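S.K.: Protein chains in written order, with our numbering: chain Z, 1 to 444; chain S, 1 to 444.
It is worth saying that the hints were derived from the structure and are not from the lab.
Given the structure is predicted, the values throughout are model-derived calculations rather than measurements.
You can trust all of the hints, since none of them are fake.
Which copy is meant is left open, because identical chains are indistinguishable; a pair holds if it fits in one copy or across any two.
Straight-line alpha carbon distances no greater than 25 Å define the calculated BS3-like cross-link-like pairs of lysine-lysine that follow: (1) Lys3 with Lys317; (2) Lys3 with Lys57; (3) Lys3 with Lys66; (4) Lys249 with Lys386; (5) Lys249 with Lys385; (6) Lys208 with Lys193; (7) Lys227 with Lys249; (8) Lys396 with Lys386.
Number of protein chains: 2
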Amino acid sequence: MSKLIEPRTLRGFRDYPPELMIPRERSMETARRVFRSYGFGPIDTPALELTEILLAKVEAGSEINKQLYRFQDAGGRDVALRFDLTVPLARFVSQHFSTLGMPFKRYHLGTVWRGESPQAGRYREFMQCDFDTIGTLSNAADVEIALVIHDLLVALGFERFEIHVNNRLVLNGLLDSLGLSAQTAVLLRSLDKLAKIGRDGVRDEMIKEAGVSAEQALSVIALAETKGSNTEVLAQLAERFSDNESARKGVAHLEEMCRVLRTAGVPEERLHVDLSICRGLDYYTGTVYETFLNDLPGIGSICSGGRYDNLTGRYTKQALPGVGASLGLDRLLAAMEELKLLPKVGTPAPVLITLFAADRLGDYQRVARLLRVQNIGCEVYPDAKKLGAQFQYAEKRGFKVALIAGPDEFATGTWKVKDLAKREEIAVAEAELIETVRRLVEGN
Amino acid sequence: MSKLIEPRTLRGFRDYPPELMIPRERSMETARRVFRSYGFGPIDTPALELTEILLAKVEAGSEINKQLYRFQDAGGRDVALRFDLTVPLARFVSQHFSTLGMPFKRYHLGTVWRGESPQAGRYREFMQCDFDTIGTLSNAADVEIALVIHDLLVALGFERFEIHVNNRLVLNGLLDSLGLSAQTAVLLRSLDKLAKIGRDGVRDEMIKEAGVSAEQALSVIALAETKGSNTEVLAQLAERFSDNESARKGVAHLEEMCRVLRTAGVPEERLHVDLSICRGLDYYTGTVYETFLNDLPGIGSICSGGRYDNLTGRYTKQALPGVGASLGLDRLLAAMEELKLLPKVGTPAPVLITLFAADRLGDYQRVARLLRVQNIGCEVYPDAKKLGAQFQYAEKRGFKVALIAGPDEFATGTWKVKDLAKREEIAVAEAELIETVRRLVEGN
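Assemble the whole structure, with the sequences as input and the hints as a guide.
M.R.: If you want it as structure tokens, here you go:
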């Protein structure tokens with residue numbers, strides 16, 4: 001026999017055993033269900049693309065160039081693994097424009113790869129969950145993205161969260177009125193650090209990096225710091241920017257978002273007009289979104305995005321606007337774990353039927369199928385080991401209920417039902433088995 | 001502006017737009033639900049692994065070497081994209097053996113890559129759906145795999161299908177009694193072609209490749225051609241192999257499978273003991289499975305697998321047996337399309353609310369959310385275009401129902417409900433809206 005090879009994963013990569021994969025998969029299915037309920041359709045694109053496609057929008061100095069998994073394929077083509085789902089979306093929409101029809105609403109849950117230095121909680125392979133509406137300038141699409149974020153968080157089991165929204169047009173209006181339009185990108189990059197480095201830090205950086213006066217810097221910061229209820233903030237803005245067309249449009253869009261979400265039944269405290277949210281990227285041109293958990297503000301935004309003007313400019317002359325957001329699945333799962341929203345189990349089925357009398361396997365599988373038909377997952381233990389060993393397996397995996405039947409039970413048409421958490425056992429007639437098991441499974 | 005880059009995918013790769021992805025995703029979710037209902041847990045492993053891990057079991061002359069997407073990463077490591085999910089499973093189980101606990105039942109839906117010559121319906125990137133029980137020699141696990149295949153096909157919408165099972169031990173027993181054990185691999189490779197090249201072709205190939213006599217070859221073929229009901233076939237085998245221990249064990253395992261599936265409620269006609277099923281691979285050592293659609297036998301097996309002795313031999317001294325199968329998702333979807341089991345739609349939501357009065361967006365989204373809560377997907381059109389254009393969009397996407405409300409409807413608390421297939425429109429009070437829409441959506 002040849003030498004053994006040490007089983008191991010690459011640095012920065014990891015396996016997902018069932019304990020991690022069960023909640024991950026459940027969250028992904030929940031997200032898909034919410035996206036679908038709004039009419040977003042799923043797409044998928046290749047993991048591997050031509051490098052020139054992937055790098056079409058990436059600047060020469062960008063980190064992405066260094067992080068790319070890039071190689072020559074057997075046909076000598078320069079190819080790479082996708083590093084996000086936005087570039088593939090841009091390529092996809094450009095390529096299939098003539099058949100897609102607009103507006104085009106898609107979601108895409110897909111793996112992406114970046115050769116970053118591995119650090120705690122950061123991996124070189126991770127999942128992105130993006131949803132976007134392409135091909136409409138209507139604010140109705142922006143409003144809908146906020147609704148999707150809301151329903152998504154609720155469906156995932158959260159109650160205390162806040163969606164923070166802003167509109168770049170308001171900031172643009174202010175910068176325009178201050179004569180600082182040319183410095184927009186640099187100023188927003190500084191402003192984005194407000195929570196991190198504070199007012200003085202941002203002011204100093206703006207003076208240094210954008211060459212603005214202290215007074216100008218403080219005007220921008222003061223806008224970001226506007227406080228009050230959504231109604232108050234919007235009233236202040238409306239008054240202040242009554243003669244600034246860009247800002248007025250941004251304010252009107254934010255007003256509509258607040259109004260529609262209220263009418264649609266979203267609790268007021270879950271939507272915040274927050275003028276400090278600007279997202280670092282040049283990319284965004286209108287609404288921007290970030291989403292925070294009230295009980296874990298420190299982990300940052302778990303669902304972010306915004307409106308952009310031209311998704312497809314590098315691949316087609318057809319300029320296509322869009323609006324969307326991305327759910328940070330790994331951050332979300334870390335949060336759910338911290339908030340104890342994740343029961344840690346190694347099995348997706350709650351019921352184990354023990355293999356007590358090996359010759360009755362048919363009956364065990366017959367009853368297991370009755371439970372499965374009722375949406376109660378049920379495993380039949382495959383080996384006729386001692387019951388103690390089978391219970392040990394059941395507890396390790398996290399089953400909730402074990403069923404036992406031997407000659408005595410088959411003779412009387414009964415089953416022993418064991419609540420594994422309480423270690424209590426009762427006997428029930430087969431006719432009552434499903435309801436008994438359901439109560440135990442749902443009660444736990 | 002820099003030169004446009006032609007948007008295109010790599011040769012042998014493809015995009016999945018919503019029309020293709022909606023049924024694909026639905027099938028995958030159905031498969032996951034069935035696997036989970038039997039207590040199989042999901043896992044995931046990295047797409048990228050060390051080449052020495054992936055090639056540990058691959059012979060030097062194998063096609064896989066040529067098909068591998070293999071390169072040096074930025075750290076100079078020799079890495080490759082996984083070409084199946086079995087090798088990663090072997091590595092995974094070896095690496096995590098001490099914490100997993102046995103038996104270990106897992107499913108894995110994952111993308112794999114092979115640089116094969118592209119041909120119709122074959123791609124270089126495709127999805128595998130594997131499910132396996134590791135760490136038990138019990139035939140109960142083999143029986144369960146057949147049950148999973150059965151419930152999977154039913155859940156996917158098939159009624160007329162046959163699971164063909166055989167056991168390598170029966171064939172091994174025959175070859176042993178003919179003194180041909182040493183030629184097993186070559187003979188089975190020929191036998192596997194019975195349906196394709198016929199009895200004479202197989203006989204000639206066996207004579208040529210394995211150096212057996214015509215009589216020996218015909219003995220093997222005759223066994224494979226044994227005909228009759230499961231009971232008849234098993235009775236013949238029991239008699240013939242009464243003094244051959246290996247074959248007797250194989251027959252007993254097949255008998256138990258038939259008996260348990262019958263007791264568990266699987267219709268008799270869906271399980272066939274078929275001695276011609278041998279699977280080409282050396283890999284299998286016991287039960288083997290293939291699954292055929294009665295209405296489309298020509299597409300071949302859509303769910304195949306078997307029992308194997310030693311999954312992990314290249315990575316650990318711990319020899320782990322297993323049994324499992326793999327659903328051919330792409331073949332299955334092609335079949336479903338051919339059998340017209342797939343409605344081709346571009347939206348996962350059946351209902352479109354038209355944007356008739358732009359200032360009532362809040363009411364449109366309020367009603368849309370009422371429908372969504374009732375599990376009726378609902379999109380709100382984002383632009384206040386002419387209704388004709390909105391209906392055109394609805395038809396192109398495949399919505400079933402459109403809802404319209406303007407000032408008149410809001411004044412009277414009614415909605416116009418349009419059945420898009422029949423092009424019929426009725427007016428209903430908002431209180432009756434959900435039930436009316438549900439009837440139309442489910443009735444269509």
